[in-house]
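Place chain B on chain A using the hints.
Top line first, the protein sequences correspond to chains A and B.
When the letters of the first sequence are read in order and numbered with the working numbering, they come out as residues 14 to 391.
When the letters of the second sequence are read in order and numbered with the working numbering, they come out as residues 14 to 391.
Worth double-checking, as some hints may not be accurate.
One copy or two, either will do: identical chains are not told apart, so a pair holds if it fits within one copy or between any two.
[To be verified] Here are the simulated lysine to any residue pairs, SDA-like style, with alpha carbons at most 20 Å apart:
no., residue 1, residue 2
1, Lys149, Leu316
2, Lys135, Glu259
3, Lys168, Arg15
4, Lys384, Glu86
5, Lys255, Arg15
6, Lys168, Gln190
7, Lys135, Pro116
8, Lys24, Tyr360
9, Lys166, His229
10, Lys347, Pro372
11, Lys289, His60
12, Lys27, Tyr67
13, Lys255, Ser220
14, Lys168, Ile17
15, Lys79, Val291
16, Lys56, Ser282
17, Lys24, Glu259
18, Lys289, Ala62
19, Lys300, Tyr319
20, Lys256, Leu19
21, Lys255, Glu18
Think of the hints as simulated: they come from the structure by calculation, not from any bench.
Number of protein chains: 2
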Amino acid sequence: MRNIELSEIKKMEKQARENGDVISLAQGYPDFSTPWQVVEFVKNHLHEAVWHQYTLAMGNLKLREKIASNLNEEGGSYSPEEIIITAGANAGLMATLLSCFQPGDSIAILCPTYASYFQQFKIAGIIPIFIPLNEKNWSLDLELLSDRINAHKPKAILLCNPNNPTGTLLSKNELLQIANIAEKYNMLILCDEVYSFLVYDNKEYFSLSSLPEFKHNFIKIQSFSKKYAMTGWRIGYICSSKKIIEKILSVHDLLINCAPSVSQLAAISSLENGEKFVNYFKEEFTKRRDLFYDLIQDLNEFLFAYKPQGTYFYFIKLKKNYENFTSQLFNVAKVAVVKGNAFGPFYDNYFRISFAKEPEVLITAVERMKKFFTQLTP
Amino acid sequence: MRNIELSEIKKMEKQARENGDVISLAQGYPDFSTPWQVVEFVKNHLHEAVWHQYTLAMGNLKLREKIASNLNEEGGSYSPEEIIITAGANAGLMATLLSCFQPGDSIAILCPTYASYFQQFKIAGIIPIFIPLNEKNWSLDLELLSDRINAHKPKAILLCNPNNPTGTLLSKNELLQIANIAEKYNMLILCDEVYSFLVYDNKEYFSLSSLPEFKHNFIKIQSFSKKYAMTGWRIGYICSSKKIIEKILSVHDLLINCAPSVSQLAAISSLENGEKFVNYFKEEFTKRRDLFYDLIQDLNEFLFAYKPQGTYFYFIKLKKNYENFTSQLFNVAKVAVVKGNAFGPFYDNYFRISFAKEPEVLITAVERMKKFFTQLTP
Numbered sequence: 014m015r016n017i018e019l020s021e022i023k024k025m026e027k028q029a030r031e032n033g034d035v036i037s038l039a040q041g042y043p044d045f046s047t048p049w050q051v052v053e054f055v056k057n058h059l060h061e062a063v064w065h066q067y068t069l070a071m072g073n074l075k076l077r078e079k080i081a082s083n084l085n086e087e088g089g090s091y092s093p094e095e096i097i098i099t100a101g102a103n104a105g106l107m108a109t110l111l112s113c114f115q116p117g118d119s120i121a122i123l124c125p126t127y128a129s130y131f132q133q134f135k136i137a138g139i140i141p142i143f144i145p146l147n148e149k150n151w152s153l154d155l156e157l158l159s160d161r162i163n164a165h166k167p168k169a170i171l172l173c174n175p176n177n178p179t180g181t182l183l184s185k186n187e188l189l190q191i192a193n194i195a196e197k198y199n200m201l202i203l204c205d206e207v208y209s210f211l212v213y214d215n216k217e218y219f220s221l222s223s224l225p226e227f228k229h230n231f232i233k234i235q236s237f238s239k240k241y242a243m244t245g246w247r248i249g250y251i252c253s254s255k256k257i258i259e260k261i262l263s264v265h266d267l268l269i270n271c272a273p274s275v276s277q278l279a280a281i282s283s284l285e286n287g288e289k290f291v292n293y294f295k296e297e298f299t300k301r302r303d304l305f306y307d308l309i310q311d312l313n314e315f316l317f318a319y320k321p322q323g324t325y326f327y328f329i330k331l332k333k334n335y336e337n338f339t340s341q342l343f344n345v346a347k348v349a350v351v352k353g354n355a356f357g358p359f360y361d362n363y364f365r366i367s368f369a370k371e372p373e374v375l376i377t378a379v380e381r382m383k384k385f386f387t388q389l390t391p
Numbered sequence: 014m015r016n017i018e019l020s021e022i023k024k025m026e027k028q029a030r031e032n033g034d035v036i037s038l039a040q041g042y043p044d045f046s047t048p049w050q051v052v053e054f055v056k057n058h059l060h061e062a063v064w065h066q067y068t069l070a071m072g073n074l075k076l077r078e079k080i081a082s083n084l085n086e087e088g089g090s091y092s093p094e095e096i097i098i099t100a101g102a103n104a105g106l107m108a109t110l111l112s113c114f115q116p117g118d119s120i121a122i123l124c125p126t127y128a129s130y131f132q133q134f135k136i137a138g139i140i141p142i143f144i145p146l147n148e149k150n151w152s153l154d155l156e157l158l159s160d161r162i163n164a165h166k167p168k169a170i171l172l173c174n175p176n177n178p179t180g181t182l183l184s185k186n187e188l189l190q191i192a193n194i195a196e197k198y199n200m201l202i203l204c205d206e207v208y209s210f211l212v213y214d215n216k217e218y219f220s221l222s223s224l225p226e227f228k229h230n231f232i233k234i235q236s237f238s239k240k241y242a243m244t245g246w247r248i249g250y251i252c253s254s255k256k257i258i259e260k261i262l263s264v265h266d267l268l269i270n271c272a273p274s275v276s277q278l279a280a281i282s283s284l285e286n287g288e289k290f291v292n293y294f295k296e297e298f299t300k301r302r303d304l305f306y307d308l309i310q311d312l313n314e315f316l317f318a319y320k321p322q323g324t325y326f327y328f329i330k331l332k333k334n335y336e337n338f339t340s341q342l343f344n345v346a347k348v349a350v351v352k353g354n355a356f357g358p359f360y361d362n363y364f365r366i367s368f369a370k371e372p373e374v375l376i377t378a379v380e381r382m383k384k385f386f387t388q389l390t391p
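Next comes chain A alone, as it looks inside the complex (with noise of 0.2 Å):
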């Protein structure tokens, strides 16, 4: 058997469901419905027999039009035949990584971040670069980073922008200088992007699939799962050259055959509809992130946390240290958290929130922090 362990997040959040009077700060997804209008257009068109069986593998043309045309309205040149609709973004990502990779390649990956990427690649069997974020601010160092790309020649370099779990938004430059580092070293550049939608104080969001000069070898993997609060509908996508996608193409197929066709109606729709809930998601956790961060300041002598620049996450520091504290928080506040080492190695004295909560639930679990912190002695 092979040494897979369920992952903290998906452990803490079953904890907590078993546990009706914890709240769960766990599992990153929003506690908003998916926009009545999707669910309408899905109810309205459910009869249709083409929704009940397989599409193509790669998915519904219509569906996949749709997104061509949005990418190319940002500067791309994606044809449909070019994009494959996945069951969400960790599917594209695994097909990606059981495709494009032999076992024992390496992957250069920022740090900390989505706990699941260490997992998939374990069951990839590729081998994790390390290029740790600066702890002052969670920014990127550039120049450590291609240092360790030039002294390892990982295959890919896979970013998370913004990255769960700092918030750490990259910027256009900074995007720039690592595609022409990937160009150098006729390396993949994977970008999930899974929480675009989501970036605060007026910032721009970048991609790469806006300049066809990389579109050789860049892999961008999307999900309607945040954006359109639809993580059940198992929903996304990945986009990239004709050669990669074919190969990925076969691997999806064998993971899933096609995403299903229920939720690629829905997504179809989402594009159509979505954006005006997209706007009041996005208000509504800019509130939330303000209010939590607010909030935090009277904890301001146990822990540290920098205001994410995108998605819904607060990686947070604890000025001390605490033994199993993810644990007692639990067991103790009632409260489920992250242990910061899913993210990475190096970060044993952290832990990751998901602010994706209603008000009153993020009030009410940080004074339960509270009561917590100032009972506790470390």
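For chain B alone, coordinates are given in the frame of chain A:
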């Protein structure tokens, strides 16, 4: 890059869909709609936010309870914690292969069998140990099976029962003997039972899941796709011992997070309302099986096939050698079928057709084939 190609089935199906005048007997999926009660049930519950977001990685509890209860009515002893809701059978098998085995492990496999298994083995680094069925009537040679297992000591045996593409149905006695061999060699039994509902001539279907004493090494892989005409929903399940299920769950989570929630909702309804449709499907498929058999008797100068005991496939032997038979049939006669060597290395002179099509489609397809054969000199 790994050397995984798009399966022959999907290649043919894609070509067929791109050519409007081609009749596809390539990919096997029912041309029925999902039962209308299921569709109505989904419509009635689709506004409930719980179906918009992730379920637990294992799947919705109510659905798992229903499945456990059905299994236990047949003699099993499964708890909901011993079931994972998957995005179909392929996804369930892939998660099993990537969790319970190491690259380099070997698994015994009857053949000819479902083309995707070989590709899935490649992804997981698994070595197949072929156990060919008797070419005369495609029955199992238990002595050969026993010898091969003794010689190669594989970690598991993978069964497809009834078998795609030959329709072979393994009897209770054969399965018990395989189970005893598995005990002796401490081997897992993986059984893909997606066609278990589709057994003809009043034959009984038997599953090892009805015998609790084999649960510790038996992994049942099931799907709602074929039984309830739900291929597009991507929904199925696996069940086994708690120990094995926990192992598989970690990888399942990394492949897809959870099965699509809306499809889990549909699956609940199909278990409640789907049975009478299954009887209808079965009657229809029986007619189509018999019709196709009668039709091809006209072609017995060119080909031969055994009537399947289950599934909706014929695995057909060509009596003479034709070069690139399936391409020629596609290009000249406009009929898409799948070449035999997709189902195992010994079947160059065979091809598979799916008869899950309207009778008129089958009639036209055989007419086209007849014209093709009579015009062609091998």
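Quick rundown of the hints versus the structure:
| no. | hint | verdict |
| --- | --- | --- |
| 1 | Lys149 <-> Leu316 | within (14 Å within a copy, 73 Å between copies) |
| 2 | Lys135 <-> Glu259 | between (24 Å within a copy, 17 Å between copies) |
| 3 | Lys168 <-> Arg15 | between (24 Å within a copy, 13 Å between copies) |
| 4 | Lys384 <-> Glu86 | neither (51 Å within a copy, 50 Å between copies) |
| 5 | Lys255 <-> Arg15 | between (33 Å within a copy, 16 Å between copies) |
| 6 | Lys168 <-> Gln190 | within (17 Å within a copy, 48 Å between copies) |
| 7 | Lys135 <-> Pro116 | both (9 Å within a copy, 12 Å between copies) |
| 8 | Lys24 <-> Tyr360 | within (18 Å within a copy, 46 Å between copies) |
| 9 | Lys166 <-> His229 | within (18 Å within a copy, 44 Å between copies) |
| 10 | Lys347 <-> Pro372 | within (17 Å within a copy, 61 Å between copies) |
| 11 | Lys289 <-> His60 | between (27 Å within a copy, 19 Å between copies) |
| 12 | Lys27 <-> Tyr67 | between (31 Å within a copy, 12 Å between copies) |
| 13 | Lys255 <-> Ser220 | within (19 Å within a copy, 43 Å between copies) |
| 14 | Lys168 <-> Ile17 | between (23 Å within a copy, 18 Å between copies) |
| 15 | Lys79 <-> Val291 | within (18 Å within a copy, 37 Å between copies) |
| 16 | Lys56 <-> Ser282 | both (11 Å within a copy, 16 Å between copies) |
| 17 | Lys24 <-> Glu259 | between (35 Å within a copy, 11 Å between copies) |
| 18 | Lys289 <-> Ala62 | between (30 Å within a copy, 19 Å between copies) |
| 19 | Lys300 <-> Tyr319 | within (16 Å within a copy, 68 Å between copies) |
| 20 | Lys256 <-> Leu19 | between (33 Å within a copy, 13 Å between copies) |
| 21 | Lys255 <-> Glu18 | between (34 Å within a copy, 14 Å between copies) |
Checked against the numbered hints above, the structure breaks only hint 4 and satisfies the rest.
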